[in-house]
Amino acid sequence: MNPTNILLLAAIVLSTTACGTLDTVFREDAVASQKLKDLRSHCESVPRIYSGVVYDFCSLNGEPNGKKSLEDQQIASVPWIAIDFALSGVLDTLVLPYTVYRQNRDGSIEIFR
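Sequence positions in the sequence shown follow the working numbering and run 1 to 113.
Heads up, a few of these hints could be off.
[Unchecked claim] With beta-carbon atoms standing in for the labels, derived distance ranges:
| # | residue 1 | residue 2 | range |
| --- | --- | --- | --- |
| 1 | Ala82 | Arg40 | 18 to 26 Å |
| 2 | Asn5 | Leu96 | 28 to 36 Å |
| 3 | Ile6 | His42 | 37 to 45 Å |
| 4 | Asp38 | Asn2 | 37 to 45 Å |
| 5 | Glu110 | Asn5 | 40 to 48 Å |
| 6 | His42 | Gln103 | 17 to 25 Å |
| 7 | Tyr98 | Glu63 | 30 to 38 Å |
| 8 | Pro3 | Asn61 | 39 to 47 Å |
| 9 | Thr4 | Arg27 | 22 to 30 Å |
| 10 | Phe112 | Thr4 | 39 to 47 Å |
[Stated by the list, open to error] Cross-link-like lysine to aspartate or glutamate pairs, in silico, EDC-like; alpha carbons within 20 Å at most:
| # | residue 1 | residue 2 |
| --- | --- | --- |
| 11 | Lys35 | Glu110 |
| 12 | Lys37 | Glu63 |
| 13 | Lys35 | Glu63 |
| 14 | Lys37 | Glu110 |
FYI, nobody ran anything at the bench for these hints, they're computed from the structure. Computed from a prediction, not measured in an experiment: that's the story for all the values here. Ideal placement from N, C-alpha and C gives every residue a C-beta, glycine not left out.
I would like the entire structure built from these sequences, with the hints used as guidance.
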């Protein structure tokens with residue numbers, strides 16, 4: 001396989017997974033807060049250091065949606081969550097200096113109810 005194709009495939013995989021890191025580091029705080037609020041997460045805040053992994057945990061730590069069947073629940077795709085945990089851990093490690101700075105400056109991401 002061509003190295004360019006491998007790089008393109010890696011970029012596609014990283015852009016579709018590790019969304020916990022993308023939502024907490026590269027987007028506004030309100031995006032992560034609203035998504036966790038919609039999932040009815042029991043988390044009250046998400047620290048910015050390793051925020052992608054914590055965000056993924058918080059997405060699992062919520063009440064089931066009674067309006068949807070078990071098959072329709074977003075969390076039902078456990079293999080994707082496992083992949084997202086792993087890739088978020090890698091991406092969180094890469095952006096660690098920035099997230100330490102942001103944690104010190106802005107504090108944790110608050111989940112408003």
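Which hints from the list above does the structure break, by number from lowest to highest?
none
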